[in-house]
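Student: Based on the sequences and whatever the hints tell you, model everything.
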Amino acid sequence: MAAPAPTELELDPKYDDYDYPTKAPVPQNGHPGFLTASQQASVFQLRMMLESEGYTKRLDTLTLLRFLRARKFDVNLAKQMFVDCEKWRQETDLDNVIAAWEYPEKEEVFKYYPQYYHKTDKDGRPVYIEQLGGIDLAAMYKITTAERMLTNLAVEYERLADPRLPACSRKAGTLLETCCTVMDLKGVGIGKIPQVYSYVKQVSGLSQNYYPERLGRLYVINAPWGFSTVWSVIKGWIDPVTVQKIHILGSGYQKELLAQVPAENLPKEFGGSCTCAGGCQMSDMGPWHEKEWTKPAKWEKKEGATATKPAEPLAAGATATGTADAPAPAPAAA
1 MAAPAPTELE
11 LDPKYDDYDY
21 PTKAPVPQNG
31 HPGFLTASQQ
41 ASVFQLRMML
51 ESEGYTKRLD
61 TLTLLRFLRA
71 RKFDVNLAKQ
81 MFVDCEKWRQ
91 ETDLDNVIAA
101 WEYPEKEEVF
111 KYYPQYYHKT
121 DKDGRPVYIE
131 QLGGIDLAAM
141 YKITTAERML
151 TNLAVEYERL
161 ADPRLPACSR
171 KAGTLLETCC
181 TVMDLKGVGI
191 GKIPQVYSYV
201 KQVSGLSQNY
211 YPERLGRLYV
221 INAPWGFSTV
231 WSVIKGWIDP
241 VTVQKIHILG
251 SGYQKELLAQ
261 VPAENLPKEF
271 GGSCTCAGGC
281 QMSDMGPWHE
291 KEWTKPAKWE
301 KKEGATATKP
311 AEPLAAGATA
321 TGTADAPAPA
331 PAAA
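Just so we're aligned: the sequence shown equals residues 1 to 334 in the UniProt record's numbering.
Bear in mind the hints are in silico, worked out from the structure with no lab data behind them. Any given hint might turn out to be false.
[Said to hold, decoys possible] Below, in silico cross-link-like pairs of lysine to aspartate or glutamate (DMTMM-like), each with a Cα-Cα straight-line distance of 25 Å or less:
| hint | residue 1 | residue 2 |
| --- | --- | --- |
| 1 | Lys87 | Asp123 |
| 2 | Lys235 | Glu256 |
| 3 | Lys87 | Asp136 |
| 4 | Lys245 | Glu158 |
| 5 | Lys23 | Asp74 |
| 6 | Lys201 | Glu105 |
| 7 | Lys301 | Asp17 |
| 8 | Lys201 | Asp19 |
| 9 | Lys122 | Asp19 |
| 10 | Lys295 | Asp284 |
| 11 | Lys14 | Asp60 |
| 12 | Lys142 | Glu107 |
| 13 | Lys201 | Asp239 |
| 14 | Lys295 | Asp123 |
| 15 | Lys57 | Asp19 |
| 16 | Lys111 | Glu147 |
| 17 | Lys171 | Asp17 |
| 18 | Lys291 | Asp19 |
| 19 | Lys87 | Glu105 |
| 20 | Lys298 | Glu102 |
| 21 | Lys87 | Glu158 |
| 22 | Lys87 | Asp239 |
| 23 | Lys295 | Glu108 |
| 24 | Lys171 | Glu102 |
| 25 | Lys291 | Glu158 |
| 26 | Lys268 | Glu256 |
| 27 | Lys291 | Glu53 |
| 28 | Lys122 | Asp84 |
| 29 | Lys106 | Asp95 |
| 30 | Lys298 | Asp95 |
| 31 | Lys106 | Glu290 |
| 32 | Lys23 | Glu8 |
| 33 | Lys268 | Asp184 |
| 34 | Lys301 | Asp12 |
| 35 | Lys201 | Glu51 |
| 36 | Lys298 | Asp284 |
| 37 | Lys87 | Glu300 |
| 38 | Lys301 | Glu290 |
| 39 | Lys245 | Asp162 |
| 40 | Lys23 | Glu53 |
Tutor: Structure, rendered in structure tokens:
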């Protein structure tokens, strides 16, 4: 029996005000432009269920589709995931936090744990880089707190959603909803694995539960001896579909990584040719800073965007675990 023919994405003018492409670049089941009639109906059903319970924000088609894909188009499970996410957002006042957030300790934290977006891969997606070799939680917590680190992580996810991905989609001419992550484990010896393991488990809960379907590819490079044991545990937190997106590489990673990220977009220390003025770690270079492609983020225009007092960090309760697909920054984030 032939598979049902995919349907074009049906948008809702009440919620869908996209100013960038809305069709996935390649045919993928359940992705925009490649939905079955049943999947499109699931979007309508999920929206109606949420509206009936008083939800009015983030009911656009692309967002609902991400939650549906994360729960294999089980509408009830997707609804529960969405409701849990909205509850977390309300408890942490995230809509106002993002507008007022400042992270002045960023440069000092980066001495131990660089994590940054830098240009794009060959598919036009943002490249996100993490270097875990210098992690020293005791030293880092003298500079910042675990709560502030989680807050900054959430803010960066929000900024990935807007303005980074919309700018990349405009430039690529097709919808881009995910990023390409490079996780460098150089310097992560056996002694550091417990700290790295602890932190990764913490942040993976936030990404999996609240930012589903954000990982396109993950390259774990310079994987140390013994990492296979850690990976066998980490895989248990992740959906099998997500596991297929993850590539575990040793020190000879350059050929495979450069097949996905153009040399001119990859920092020189990873085998590329990019040497941004002031260093790639702090440059935040990408289409989201190119006048032709970027536009003000919608959260900048929302109520509370003019807040001037520093926002409070997110509650530590944002670290619940889950199994949805979300982006980096963690091996379990997909």
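Student: Compare the structure with each hint and give your call.
Tutor: Cross-check of the supplied hints:
Restraint check for Lys87 and Asp123: not satisfied, since their Cα atoms lie roughly 34 Å apart, outside the 25 Å limit. Among the hinted pairs, Lys235 with Glu256 is consistent with the structure: their alpha-carbon atoms are about 22 Å apart, no more than 25 Å. Note on Lys87 and Asp136: the hinted pairing is violated, with a Cα-Cα distance of about 32 Å set against a maximum of 25 Å. This hinted pair checks out: Lys245 and Glu158 have alpha carbons roughly 22 Å apart, not beyond 25 Å.
Under the criterion of a C-alpha separation no larger than 25 Å, the hint pairing Lys23 with Asp74 is consistent with the structure, at around 22 Å. A threshold of 25 Å between alpha carbons decides the hint, and for Lys201 with Glu105 the separation of about 23 Å falls inside it, so the pair holds. Of the supplied pair hints, the one linking Lys301 and Asp17 holds, its CA atoms being roughly 14 Å apart against a limit of 25 Å. For the hint pairing Lys201 with Asp19, the CA-to-CA distance comes to about 36 Å; that exceeds 25 Å, so the pair is violated.
Restraint check for Lys122 and Asp19: satisfied, since their Cα atoms lie roughly 22 Å apart, inside the 25 Å limit. Pair hint Lys295 plus Asp284 holds up; C-alpha atoms about 16 Å apart against a cutoff of 25 Å. At roughly 8 Å between alpha-carbon atoms, Lys14 and Asp60 fall within 25 Å of each other, so this suggested pair holds. Only pairs whose Cα atoms come within 25 Å are accepted, and Lys142 paired with Glu107 is accepted, the gap being roughly 14 Å.
Taking the CA atoms of Lys201 and Asp239, the gap is about 15 Å. The hint holds against a cut of 25 Å. The hinted pair formed by Lys295 and Asp123 meets the criterion: a straight-line CA distance of about 21 Å does not exceed 25 Å. At most 25 Å may separate the alpha-carbon atoms for a hinted pair to count; Lys57 and Asp19 meet this at roughly 18 Å. Restraint check for Lys111 and Glu147: satisfied, since their Cα atoms lie roughly 19 Å apart, inside the 25 Å limit.
For the hint pairing Lys171 with Asp17, the CA-to-CA distance comes to about 18 Å; that is within 25 Å, so the pair holds. For the suggested pair Lys291 and Asp19, the alpha carbons sit about 15 Å apart, so the restraint of at most 25 Å is met. At roughly 29 Å between alpha-carbon atoms, Lys87 and Glu105 are farther apart than 25 Å, so this suggested pair is violated. In summary, the hint linking Lys298 to Glu102 is supported, as the alpha carbons are separated by about 18 Å, within the 25 Å threshold.
Our distance criterion of 25 Å between C-alpha atoms is met by Lys87 and Glu158, whose separation comes to about 16 Å. Distance hint between Lys87 and Asp239 is fulfilled; the C-alpha atoms sit about 23 Å from each other, no more than 25 Å. For the hint pairing Lys295 with Glu108, the CA-to-CA distance comes to about 30 Å; that exceeds 25 Å, so the pair is violated. Distance check on the hinted pair: Lys171 and Glu102 sit about 28 Å apart at the alpha-carbon level, beyond 25 Å; violated.
For the hint pairing Lys291 with Glu158, the CA-to-CA distance comes to about 20 Å; that is within 25 Å, so the pair holds. Note on Lys268 and Glu256: the hinted pairing holds, with a Cα-Cα distance of about 15 Å set against a maximum of 25 Å. Our distance criterion of 25 Å between C-alpha atoms is broken by Lys291 and Glu53, whose separation comes to about 40 Å. Proposed proximity of Lys122 and Asp84 is contradicted: the alpha carbons are some 35 Å apart, above 25 Å.
Using a Cα cut-off of 25 Å, the hinted pair Lys106 and Asp95 holds, with the two alpha carbons roughly 21 Å apart. Of the pairs offered as hints, the one joining Lys298 and Asp95 holds, with about 11 Å between alpha carbons and a cut-off of 25 Å not exceeded. Pair hint Lys106 plus Glu290 holds up; C-alpha atoms about 23 Å apart against a cutoff of 25 Å. A distance of roughly 9 Å separates the Cα atoms of Lys23 and Glu8; the hinted pair therefore holds under the 25 Å criterion.
With a C-alpha separation of about 14 Å, the suggested pairing of Lys268 with Asp184 holds against the 25 Å cut-off. Annotation: proposed proximity of Lys301 to Asp12 holds, straight-line Cα distance about 21 Å (limit 25 Å). As the CA atoms of Lys201 and Glu51 are separated by approximately 33 Å, the hinted pair breaks the 25 Å bound. Between the alpha carbons of Lys298 and Asp284 the distance comes to roughly 19 Å, so the proposed pair stays at or under 25 Å and holds.
Distance restraint check for Lys87 and Glu300: the Cα-Cα separation of roughly 21 Å lies within the 25 Å cut-off, and the hinted pair is therefore satisfied. A distance of roughly 20 Å separates the Cα atoms of Lys301 and Glu290; the hinted pair therefore holds under the 25 Å criterion. Simply put, Lys245 and Asp162 have alpha-carbon atoms about 23 Å apart, close enough for the 25 Å limit, and the pair holds. Our distance criterion of 25 Å between C-alpha atoms is broken by Lys23 and Glu53, whose separation comes to about 29 Å.
Taken one by one, the earlier hints fail for this structure at numbers 1, 3, 8, 19, 23, 24, 27, 28, 35, 40, listed in ascending order.
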